[in-house]
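**Q** Read off the chains here:
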Amino acid sequence: MKGKSFKDFVEFVYSIRGFEDFFDFMDGITSDKDKENLPKRVEIVKKLLSGENHHMIAEDLGVGVATVTKGSKLVAKDYFKVLKEPEMPKPKPEASKSGYFGKYGGRYVPEMLQGELEKLARTYDSLKNSRAFLAELEDLQKHYNNRPTPLTYAKNLSEHVGGARIYLKNEGMNHTGAHKINHCLGQALVAKKMGKKRLIAETGAGQHGVATATVAAKLGFACTIYMGQVDIDRQRPNVVLMELLGAEVIPIKYGSKTLKDAVSGAIRDWLATSDDTHYVIGSCLGPDPYPRMNRDFQSVISREIRHQLGSSPDAIVACVGGGSNALGAFHGFLNDKNVRLVGVEAGGKSNKSGQHAARFPGAELGIMEGYKSYFLQDKDGNSAATHSVAAGLDYIGIGPELAELADTGRVEFVRASDKQALAAVELLAKKEGIIPALESAHAVSEGIKLAKDMKQDKKIVINISGRGDKDLFTLAKHFARDDFKKFLNQELKTYE
Amino acid sequence: MKNIMTHVVAGYPSADECIELMLGMQKLGVGIIEVQIPFSDPIADGETIMKANDIALGGGMTTAASFELIQKANLDCDVYLMSYIQKVRHYGFEKFCDRTSTCGAKGLIIPDLPYDSPEYTELVKRTQGLNLRLIPVLSPGMEEKRLNTILEESPLYVYVTSQRGITGNSYNNTRELHQLVAYIKHRSSAQIMIGFGISSRHDVEEALRIGDIAIVGSAIIREVEKSGVKTGLKLVKNLGS
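Respectively, the protein sequence lines represent chains A and B.
Here this note's numbering is used: the first sequence runs in plain steps of one and ends on residue 1812.
Here this note's numbering is used: the second sequence runs in plain steps of one and ends on residue 1191.
Note that these hints are calculated values from the structure, not bench results.
Mixed in with the good hints there might be a few duds.
Distance condition first, Cα-Cα at most 30 Å in a straight line; then the derived DSSO-like pairs of lysine-lysine [to be verified]:
#: 1; chain 1: B; residue 1: LYS1187; chain 2: B; residue 2: LYS977
#: 2; chain 1: B; residue 1: LYS1001; chain 2: A; residue 2: LYS1573
#: 3; chain 1: A; residue 1: LYS1695; chain 2: B; residue 2: LYS1075
#: 4; chain 1: B; residue 1: LYS1176; chain 2: A; residue 2: LYS1569
#: 5; chain 1: A; residue 1: LYS1419; chain 2: B; residue 2: LYS1075
#: 6; chain 1: A; residue 1: LYS1746; chain 2: A; residue 2: LYS1765
#: 7; chain 1: A; residue 1: LYS1695; chain 2: B; residue 2: LYS1001
#: 8; chain 1: B; residue 1: LYS1022; chain 2: A; residue 2: LYS1695
#: 9; chain 1: B; residue 1: LYS1095; chain 2: A; residue 2: LYS1435
#: 10; chain 1: A; residue 1: LYS1419; chain 2: B; residue 2: LYS1095
#: 11; chain 1: A; residue 1: LYS1746; chain 2: A; residue 2: LYS1735
#: 12; chain 1: A; residue 1: LYS1362; chain 2: A; residue 2: LYS1397
#: 13; chain 1: A; residue 1: LYS1419; chain 2: A; residue 2: LYS1400
#: 14; chain 1: A; residue 1: LYS1389; chain 2: A; residue 2: LYS1363
#: 15; chain 1: A; residue 1: LYS1349; chain 2: A; residue 2: LYS1389
#: 16; chain 1: A; residue 1: LYS1569; chain 2: B; residue 2: LYS1135
#: 17; chain 1: B; residue 1: LYS1095; chain 2: A; residue 2: LYS1508
#: 18; chain 1: B; residue 1: LYS1045; chain 2: A; residue 2: LYS1419
#: 19; chain 1: A; residue 1: LYS1665; chain 2: B; residue 2: LYS1001
#: 20; chain 1: A; residue 1: LYS1509; chain 2: B; residue 2: LYS1095
#: 21; chain 1: A; residue 1: LYS1389; chain 2: A; residue 2: LYS1351
#: 22; chain 1: A; residue 1: LYS1573; chain 2: B; residue 2: LYS1176
#: 23; chain 1: A; residue 1: LYS1458; chain 2: A; residue 2: LYS1509
#: 24; chain 1: B; residue 1: LYS952; chain 2: B; residue 2: LYS977
#: 25; chain 1: A; residue 1: LYS1444; chain 2: B; residue 2: LYS1095
#: 26; chain 1: A; residue 1: LYS1569; chain 2: B; residue 2: LYS1180
#: 27; chain 1: A; residue 1: LYS1775; chain 2: A; residue 2: LYS1458
#: 28; chain 1: B; residue 1: LYS1187; chain 2: B; residue 2: LYS1001
#: 29; chain 1: B; residue 1: LYS1056; chain 2: A; residue 2: LYS1695
#: 30; chain 1: A; residue 1: LYS1435; chain 2: B; residue 2: LYS1135
#: 31; chain 1: A; residue 1: LYS1793; chain 2: A; residue 2: LYS1665
#: 32; chain 1: A; residue 1: LYS1320; chain 2: A; residue 2: LYS1397
#: 33; chain 1: A; residue 1: LYS1323; chain 2: A; residue 2: LYS1393
#: 34; chain 1: A; residue 1: LYS1351; chain 2: A; residue 2: LYS1363
#: 35; chain 1: B; residue 1: LYS1176; chain 2: A; residue 2: LYS1668
#: 36; chain 1: A; residue 1: LYS1801; chain 2: A; residue 2: LYS1573
#: 37; chain 1: A; residue 1: LYS1735; chain 2: A; residue 2: LYS1793
#: 38; chain 1: B; residue 1: LYS1045; chain 2: A; residue 2: LYS1695
#: 39; chain 1: B; residue 1: LYS1022; chain 2: B; residue 2: LYS1045
#: 40; chain 1: B; residue 1: LYS1180; chain 2: A; residue 2: LYS1513
Let the sequences and hints guide you as you build the complete structure.
**A** Next up, the structure:
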């Protein structure tokens, strides 16, 4: 019965998009008897899942007890996972009611915002287990955002390295090109339920800004993006995209003019506008409930990895700026002690202060931007200067949950330099036909090193948090400097 | 002038000029001076004060030097220190409070420190023996439950921001400000300081119609930025009747 034709049939049914087409198809393909029986079978399963007595179910629905018992066997074999009440993963460490992971986290913001954060936390807590909310999110993830993203066996790269089997979780295949949209979609739906009309966000590389502007356009929000002038200068194409998507991009011209100043700008806006505005924080950081909310939205990455691989890998490697893609990839495996979890930070140009953005070792406990965690600081507790070739990793802090996971040792942290990241971009492009974002290339660089020392029957997953299209200008500067200069000059002439 | 609190950033525009500014304010009869210890990420401040923070830090101002600066100014009027919890925590709670006391300040204003955090408990513990006061910062739109909890502590002063948002916008006695002030008066005997956006004698009078003390910050710094300490002091002079 379960031959190739059945699989083809299911694949065909799965490919139908849009409710109306699907309805017409189902209407046509089913007999009257089917139309009566199929919904009844679903009812039986639902009642079985909620633990009702077989005889009661049979009586209620007017079917034989044997039918119910047959159903219960299939339930036991887990055929009907999709009908189960969704379970939220229970990770360690979980933010307690107060919003701390160990000693990290909290809500260090003026009283003005305390009520708003409490409201957001309450709304999110009530939505996160709601079937309707999760279904709406999943629908957007699937039909708008292209999920699930592929997990690709990197055969050429694995053979080249000669160690473990390397798999690439390609978050670059998300709509807008990076994992950031996962938490943007989630937050925008929460904001919608709260009756907000406007989304604001900070952005470093511009990826989170583009993702927020995209979601705002799709779901009908007004949108303002804060971005440091230095980041605007090195990621101008993303500014063009954000404005095209209808967002207003406000440059920050004070401080270091990078991500941390953009965060300050967005917080200032929110202090004044929280009544009708939701602040879409772009990583698993900021005041509670953002770190846990964004983690939940990003943990779709680890759920898919487990499902696609059919088992746990031996190691997962991800780059860490604030930590959203890393936490998303690690989260579902925190309790699998055999899975090594490795975060790769921005080693920049050198280990000297101001030349990198790696928090471990060296960062101190601090309270900035509304949360307590590790921050790169100067001698007097001010934020230190940072550098990375990857704008998305060029940040002083790290999300509170990762800070706690660093303390417990569950997540290991290493760093990759600008140079290593650039080399990794080239290697992955040549070997696998995938151009990773410079951020993700940090993970590739370290992943290869790890794979080399692992046996060939081991599996390592590298999270490719985004694709490299956005880095064209940086890449051209390094890989095709003279030709690109000619091109730019030529292009410039067309503007005259 | 006694019912005006002016705001300066330690080390802005320079250490010496900052002292000159504070002494000038005292001479004009200002009741209280709020001295901000500069910080790189002052999330509750507007662009003017933020820039002043950057300039002070650029001039090498540190937490330790801020205390020394206040001590050197040797003021007779009341001084309150304002900064962010990161600066307090980094310097050390005990040392920070000791220095606050020995430099002659009466207490602290820490806008990003919620009362339900471990740092608040720590800070309260350290201030008690030294008789330092913590001035809570309250805003229109804040949660009533939290407001009640704060007022139950019977603070001597409360710092009320005239509006939601950050320092530096224009001043208005809005309906929600009226309501908040009326609520505080009904529930406590705290002296009410009103700040954010007060930049002229007219604004001061408006603020004092409902509150006890008017706070002027960004407006003075804008004048100093434009044409120096003397111009800043001229603005202060024009605030009083």
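**Q** Compare the structure with each hint and give your call.
**A** Going down the list of hints, with the structure as the test:
With a C-alpha separation of about 10 Å, the suggested pair B:LYS1187 and B:LYS977 falls inside the 30 Å cut-off, and the hint holds. Annotation: proposed proximity of B:LYS1001 to A:LYS1573 holds, straight-line Cα distance about 12 Å (limit 30 Å). Between A:LYS1695 and B:LYS1075, the direct Cα distance comes to roughly 26 Å. Compliance with the 30 Å bound is thereby established for this hinted pair. For the suggested pair B:LYS1176 and A:LYS1569, the alpha carbons sit about 18 Å apart, so the restraint of at most 30 Å is met.
Proximity of A:LYS1419 to B:LYS1075 is assessed by CA-CA distance (about 19 Å); at most 30 Å being required, the pair is judged to hold. At most 30 Å may separate the alpha-carbon atoms for a hinted pair to count; A:LYS1746 and A:LYS1765 meet this at roughly 18 Å. About 20 Å separates the Cα atoms of A:LYS1695 and B:LYS1001, which keeps this hinted pair within 30 Å; it holds. In summary, the hint linking B:LYS1022 to A:LYS1695 is supported, as the alpha carbons are separated by about 23 Å, within the 30 Å threshold.
Taking the CA atoms of B:LYS1095 and A:LYS1435, the gap is about 13 Å. The hint holds against a cut of 30 Å. For the hint pairing A:LYS1419 with B:LYS1095, the CA-to-CA distance comes to about 25 Å; that is within 30 Å, so the pair holds. Pair hint A:LYS1746 plus A:LYS1735 holds up; C-alpha atoms about 17 Å apart against a cutoff of 30 Å. A distance of roughly 11 Å separates the Cα atoms of A:LYS1362 and A:LYS1397; the hinted pair therefore holds under the 30 Å criterion.
At most 30 Å may separate the alpha-carbon atoms for a hinted pair to count; A:LYS1419 and A:LYS1400 exceed this at roughly 35 Å. Distance check on the hinted pair: A:LYS1389 and A:LYS1363 sit about 14 Å apart at the alpha-carbon level, within 30 Å; holds. Restraint check: the Cα-Cα separation between A:LYS1349 and A:LYS1389 comes to about 23 Å, which is no more than 30 Å; the hinted pair holds. Our distance criterion of 30 Å between C-alpha atoms is broken by A:LYS1569 and B:LYS1135, whose separation comes to about 41 Å.
For a cut-off of 30 Å, the pair hint linking B:LYS1095 to A:LYS1508 stands: about 26 Å separates their Cα positions. A C-alpha spacing of about 22 Å is found between B:LYS1045 and A:LYS1419, which places the hinted pair at or below 30 Å, so the restraint holds. Taken as a hint, the A:LYS1665 and B:LYS1001 pair is honoured in the structure, with Cα atoms around 29 Å apart against an allowance of 30 Å. Only pairs whose Cα atoms come within 30 Å are accepted, and A:LYS1509 paired with B:LYS1095 is accepted, the gap being roughly 24 Å.
Note on A:LYS1389 and A:LYS1351: the hinted pairing holds, with a Cα-Cα distance of about 23 Å set against a maximum of 30 Å. Note on A:LYS1573 and B:LYS1176: the hinted pairing holds, with a Cα-Cα distance of about 23 Å set against a maximum of 30 Å. Restraint check for A:LYS1458 and A:LYS1509: satisfied, since their Cα atoms lie roughly 21 Å apart, inside the 30 Å limit. Restraint check for B:LYS952 and B:LYS977: the C-alpha separation of about 11 Å stays at or below 30 Å, so the hint holds.
Taking the CA atoms of A:LYS1444 and B:LYS1095, the gap is near 25 Å; set against the 30 Å cutoff, the hint holds. For the suggested pair A:LYS1569 and B:LYS1180, the alpha carbons sit about 28 Å apart, so the restraint of at most 30 Å is met. For the hint linking A:LYS1775 to A:LYS1458, the alpha-carbon distance of about 27 Å falls within 30 Å, and the restraint holds. A distance of roughly 24 Å separates the Cα atoms of B:LYS1187 and B:LYS1001; the hinted pair therefore holds under the 30 Å criterion.
For the hint pairing B:LYS1056 with A:LYS1695, the CA-to-CA distance comes to about 27 Å; that is within 30 Å, so the pair holds. Of the supplied pair hints, the one linking A:LYS1435 and B:LYS1135 holds, its CA atoms being roughly 27 Å apart against a limit of 30 Å. The hinted pair formed by A:LYS1793 and A:LYS1665 meets the criterion: a straight-line CA distance of about 16 Å does not exceed 30 Å. This hinted pair checks out: A:LYS1320 and A:LYS1397 have alpha carbons roughly 23 Å apart, not beyond 30 Å.
For the suggested pair A:LYS1323 and A:LYS1393, the alpha carbons sit about 19 Å apart, so the restraint of at most 30 Å is met. A hinted pair counts as satisfied when its Cα atoms are at most 30 Å apart, and A:LYS1351 with A:LYS1363 qualifies at roughly 19 Å. Restraint check: the Cα-Cα separation between B:LYS1176 and A:LYS1668 comes to about 37 Å, which exceeds 30 Å; the hinted pair is violated. For the suggested pair A:LYS1801 and A:LYS1573, the alpha carbons sit about 26 Å apart, so the restraint of at most 30 Å is met.
About 13 Å separates the Cα atoms of A:LYS1735 and A:LYS1793, which keeps this hinted pair within 30 Å; it holds. Simply put, B:LYS1045 and A:LYS1695 have alpha-carbon atoms about 16 Å apart, close enough for the 30 Å limit, and the pair holds. Distance check on the hinted pair: B:LYS1022 and B:LYS1045 sit about 19 Å apart at the alpha-carbon level, within 30 Å; holds. As the CA atoms of B:LYS1180 and A:LYS1513 are separated by approximately 46 Å, the hinted pair breaks the 30 Å bound.
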